[in-house]
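Asker: If you want the building blocks of each chain, they are given just below.
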Amino acid sequence: MGQLGRRLRLGADQLSLNLPAPVSSRLAWIRRGLAAIGISGRALVIAAPAAWLTLFFLVPLAVVFGISLATKEFGQPPYSDLLTTDKGTVQLTLHLSNYIRIFTDPSNIYVNAFLSSIRIAAVSTVFAILLGYPMAYAIARAPDRWRNILLMLVILPFWTSFLLRVYALSGFLRGEGVINNTLAVFGIAPLTMMQTDFAVYVGIVYSYLPFFILPLYTNLVKLDPSLLEASADLGARPIRTFISVTLPLSMPGVIAGAMLVFIPAIGEFVIPSLLGGPGTQMIGRILWDEFFSKTNWPRAAALAITMLIIVVIPIMLMQRAQNAVVEGRR
Amino acid sequence: MAKRPQLAADTRPWRDPSAKPFVRIRNVTKKFGDVAAVDDLSLDIYKGELFCLLGGSGSGKSTLLRMLAGFEAPTSGSIEIDGQDMANVAPYNRPINMMFQSYALFPHMTVWANIAYGLKRDHMPKAEIAARVDELLKLVKLEPYAQRKPHQLSGGQRQRVALARALAKRPKLLLLDEPLGALDKKLREETQFELVKIQETLGVTFIVVTHDQEEAMSLATRIGVMNQGEIAMVGEPTEIYEFPNSRFVANFIGSANMVEGVVTEDEPDHVRIHSAELGTDIYVEHGVDCSPEQILWWAIRPEKVLLTREKPEPQPGIPDGANIVKGYVEDIAYLGDMTVYQVRLDNGRYMRVTKTNMRRGDPDAISWDETVWASWAGASGSVLTN
Amino acid sequence: MGRNRWFLPIAASIGFIFLYAPILSLVIFSFNANRLVTVWSGFSTQAYADLWADPQLLPATWLSLQIAAVSATIALVLGTLCAVALVRFRRFRGKTVLQATVSAPLVMPDVITGIALLLLFVTMQGLIGWPAGRGIVTIILAHSTFCTAYVTVVVQSRLADFDMSLEEAAMDLGASPVRVFFDITLPIIAPALVSGWLLAFTLSLDDLVIASFVSGPGSSTLPMIIFSKVRLGVAPEVNALATIIIGLVALGVVVATIYSLRQGGKAKQA
Chain A
10 MGQLGRRLRL
20 GADQLSLNLP
30 APVSSRLAWI
40 RRGLAAIGIS
50 GRALVIAAPA
60 AWLTLFFLVP
70 LAVVFGISLA
80 TKEFGQPPYS
90 DLLTTDKGTV
100 QLTLHLSNYI
110 RIFTDPSNIY
120 VNAFLSSIRI
130 AAVSTVFAIL
140 LGYPMAYAIA
150 RAPDRWRNIL
160 LMLVILPFWT
170 SFLLRVYALS
180 GFLRGEGVIN
190 NTLAVFGIAP
200 LTMMQTDFAV
210 YVGIVYSYLP
220 FFILPLYTNL
230 VKLDPSLLEA
240 SADLGARPIR
250 TFISVTLPLS
260 MPGVIAGAML
270 VFIPAIGEFV
280 IPSLLGGPGT
290 QMIGRILWDE
300 FFSKTNWPRA
310 AALAITMLII
320 VVIPIMLMQR
330 AQNAVVEGRR
Chain B
4 MAKRPQLAAD
14 TRPWRDPSAK
24 PFVRIRNVTK
34 KFGDVAAVDD
44 LSLDIYKGEL
54 FCLLGGSGSG
64 KSTLLRMLAG
74 FEAPTSGSIE
84 IDGQDMANVA
94 PYNRPINMMF
104 QSYALFPHMT
114 VWANIAYGLK
124 RDHMPKAEIA
134 ARVDELLKLV
144 KLEPYAQRKP
154 HQLSGGQRQR
164 VALARALAKR
174 PKLLLLDEPL
184 GALDKKLREE
194 TQFELVKIQE
204 TLGVTFIVVT
214 HDQEEAMSLA
224 TRIGVMNQGE
234 IAMVGEPTEI
244 YEFPNSRFVA
254 NFIGSANMVE
264 GVVTEDEPDH
274 VRIHSAELGT
284 DIYVEHGVDC
294 SPEQILWWAI
304 RPEKVLLTRE
314 KPEPQPGIPD
324 GANIVKGYVE
334 DIAYLGDMTV
344 YQVRLDNGRY
354 MRVTKTNMRR
364 GDPDAISWDE
374 TVWASWAGAS
384 GSVLTN
Chain C
199 MGRNRWFLPI
209 AASIGFIFLY
219 APILSLVIFS
229 FNANRLVTVW
239 SGFSTQAYAD
249 LWADPQLLPA
259 TWLSLQIAAV
269 SATIALVLGT
279 LCAVALVRFR
289 RFRGKTVLQA
299 TVSAPLVMPD
309 VITGIALLLL
319 FVTMQGLIGW
329 PAGRGIVTII
339 LAHSTFCTAY
349 VTVVVQSRLA
359 DFDMSLEEAA
369 MDLGASPVRV
379 FFDITLPIIA
389 PALVSGWLLA
399 FTLSLDDLVI
409 ASFVSGPGSS
419 TLPMIIFSKV
429 RLGVAPEVNA
439 LATIIIGLVA
449 LGVVVATIYS
459 LRQGGKAKQA
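Keeping their order, the protein sequence lines are chains A, B and C.
Residues 10 to 339 (this note's numbering) are what the first sequence spells out, left to right.
Residues 4 to 389 (this note's numbering) are what the second sequence spells out, left to right.
Residues 199 to 468 (this note's numbering) are what the third sequence spells out, left to right.
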């Protein structure tokens, strides 16, 4: 390698251009070897994560779909085989019973759970917007020094455990919790906040608020202040400037942030478990129970697929909105 | 700043028909989608030149430079450097180095490491690298700054590091992308001197891309004026300025008074053009390749026009009434070293005339609203047929 | 804003109080002598002693830290490769699919990802015998997968802003594309890689749902232990653990912010 390297270096000094590749580097040997088999470096960079994600993300989704078409059985694993061989024939048995049951269960438990999940997620998102917009706006308009500190304060809870924060909230809201104890000092009767839909709203807003604030803040901070000045110059009062200029321009940020709250909230499990009551039926919890308590894996799989379909629509809308922002920027 | 006598007329390679060009660009086209940034362009550049590609934005000059460097591949056509075809040769294998417009200094490396980077890629022994880097630091006068990082340097210092880094590998060809663009006027003038000195001392061929006419005129041995992906004209600065080959070039470099006219006399030793726009006849003292009754354009530079209060005597050989117009001075701009006169001619058209201020505080200078005669010599203007 | 000048600061303050009040109460009551946790009856560090003695919490913490470190590292490598592919390679077959696959875990509910991965592991075990049973390995595989999405986002946005002329300059000086990546690109985007790793680490450390699905006997992660404890009511030792975690995180965030503020003081880099 040394001899060859030296000879090649001399060649390089004479600016001989007949080097096919930078062969003085060991990596180049590897590349030439791969090229001989027809694999380029580019392909490897794409292939490694693509293969991983295909195996551990796309394939699992296909598996879930497949198992959603099975029925519950005893044994390991607790569901029926889709493909069975019997006396030389291969039989494919698909059960649509799970999906049928989801939509036609007499107690409507599943449909209600889906609807209430969407409802709860939507209401929580609205609260998050109402609480988060002023915060994002205030940070964006704060003087530079304060801005970083405020951002840090918004991000800090995000880095602490999600679970612990929800637990902290439960300590706050429960019958003998901080709020009620404070109210008791003033002689006010304790409020029942735990195990209600209200607690879940609070929980979702509490946990996802940083996710809403950050994209909105990024959008607001890039807002051209001269636009606001132009509006004022043309005679608009601050409120009007906000409604006509700031609000519309911040819409992409609001939508991005709202999607980051709404979509995961639909399938939330931890918050309804710790803060909600038996009346708070969210689909994440139902799926969990089907899987762990009732060991009905196929039913849970069917619920997962249904949830995925419901969630895909807002995801696609969000992607389209993001692409629009990127295109506009370009 | 004209080239020094070192390069006497007979050593200018582009004037020697048998000289082999160092860079041959042949029928190169570069298309982005349907738009041709460079359109069927051919150009020869010779060793030791300081060649300037001059053009506005969208002229294709930067695209051409990037193709020379290897960052873009031509859609069609070929590029040869030192006799070797550059097709499929990656940028890291070309005997070229480039000085980027933004300098592109590696922010996480010191000045020393930046300059040494190219040498390390060639696997030069450590001692040689150290010697070479020291040599370059001395050349650009940045020895005390060797251990600084780019963000700790001023704009002018960063530019010198970029230059040193580009020269480190002793390239045969150096590409410079708007090298003086980010510098202020004083620094720019100083750096122009230094750049030319370095180029002449090292004998490296420079190709400079710029949109600044003054820069091109002062730096270049030859200029290639580009327009919309094509070369409008190639020539030495004097040729470009005094003998433009088209209306575009005449208008692009410096300023010119340009009028349309029709040929009334077409002889081998003179041409007479009648211009209604100017309101007079133009007498050109040499033959021009045109035909009688042909419509063409004529341009004259502001500094070639003489303004007088009285009608001057006609110059020998010029027929009476030709090469002279009357008007009055509508506006004056005093620029210190010269004065610009906006003259409104009798027929309503404007003419721009400049005059060097030879005397300090001239009490006799022509002033606003004065009636003046503008006249010029028979060979002072250019006849343009396209 | 005239007379409405107080609206914005007040609304924002309400938000911040809302964010921090429960956390603060958590910390305060970890020092509560009363096991009821929410009624103050004196200062005491009993909860911390309970934490130290608890047979489950500390071993689970150690396990979670290890899993998080490994998953974050795998996610960093995969995520960086993904980001490079998505930003630098202009077109290739399946680019939109890759982009979608990599963004999906960001918004998909955890339960779907959890059940999908579990069913995959069960099926794989049935077909080829690996993974044999669920445990640390499956948790690491699962965490690496969903953390890759987050790392990709972070690195992708950094790469998109990257000054390409630096890479071109390096190539012009003789560096091959791979060399350019390791000499120039990587060192300059290093802060993004660090924050990507930290993000992946935190998410892995904090994950409850996915870990619950894909873990096995003997591989209970910290969130799983915490969840089982707090389901039944208040647990002072959890308060103690939470206080310690919050303290460490706060310290880390403050240090990071100071560091990045000082970096920002220097001239803007590539």
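These aren't lab readings, by the way, just hints derived from the structure by calculation.
One should not assume that every hint holds.
[Unchecked claim] Computed list of lysine-lysine pairs in DSSO-like fashion (alpha-carbon distance at most 30 angstroms, straight line): (1) B:Lys129 with B:Lys175; (2) B:Lys188 with B:Lys23; (3) B:Lys188 with B:Lys141; (4) B:Lys141 with B:Lys200; (5) B:Lys200 with B:Lys50; (6) B:Lys34 with C:Lys293; (7) C:Lys427 with A:Lys303; (8) A:Lys303 with A:Lys81; (9) A:Lys231 with C:Lys293.
Asker: Hint by hint, say whether it matches the structure.
Answerer: Now the hints, each set against the structure:
A threshold of 30 angstroms between alpha carbons decides the hint, and for Lys129 (chain B) with Lys175 (chain B) the separation of about 23 angstroms falls inside it, so the pair holds. For the proposed pair Lys188 (chain B) and Lys23 (chain B), the alpha carbon gap of about 37 angstroms is over 30 angstroms, so the pair is violated. Between Lys188 (chain B) and Lys141 (chain B) the CA atoms are separated by roughly 24 angstroms; this keeps the pair inside 30 angstroms, and the hint holds. For the suggested pair Lys141 (chain B) and Lys200 (chain B), the alpha carbons sit about 14 angstroms apart, so the restraint of at most 30 angstroms is met.
Taken as a hint, the Lys200 (chain B) and Lys50 (chain B) pair is honoured in the structure, with Cα atoms around 16 angstroms apart against an allowance of 30 angstroms. Between Lys34 (chain B) and Lys293 (chain C) the CA atoms are separated by roughly 24 angstroms; this keeps the pair inside 30 angstroms, and the hint holds. Proposed proximity of Lys427 (chain C) and Lys303 (chain A) is supported: the alpha carbons are some 22 angstroms apart, at most 30 angstroms. Note on Lys303 (chain A) and Lys81 (chain A): the hinted pairing holds, with a Cα-Cα distance of about 10 angstroms set against a maximum of 30 angstroms.
Of the pairs offered as hints, the one joining Lys231 (chain A) and Lys293 (chain C) holds, with about 29 angstroms between alpha carbons and a cut-off of 30 angstroms not exceeded.
Of the numbered hints listed earlier, the single one contradicted by the structure is hint 2.
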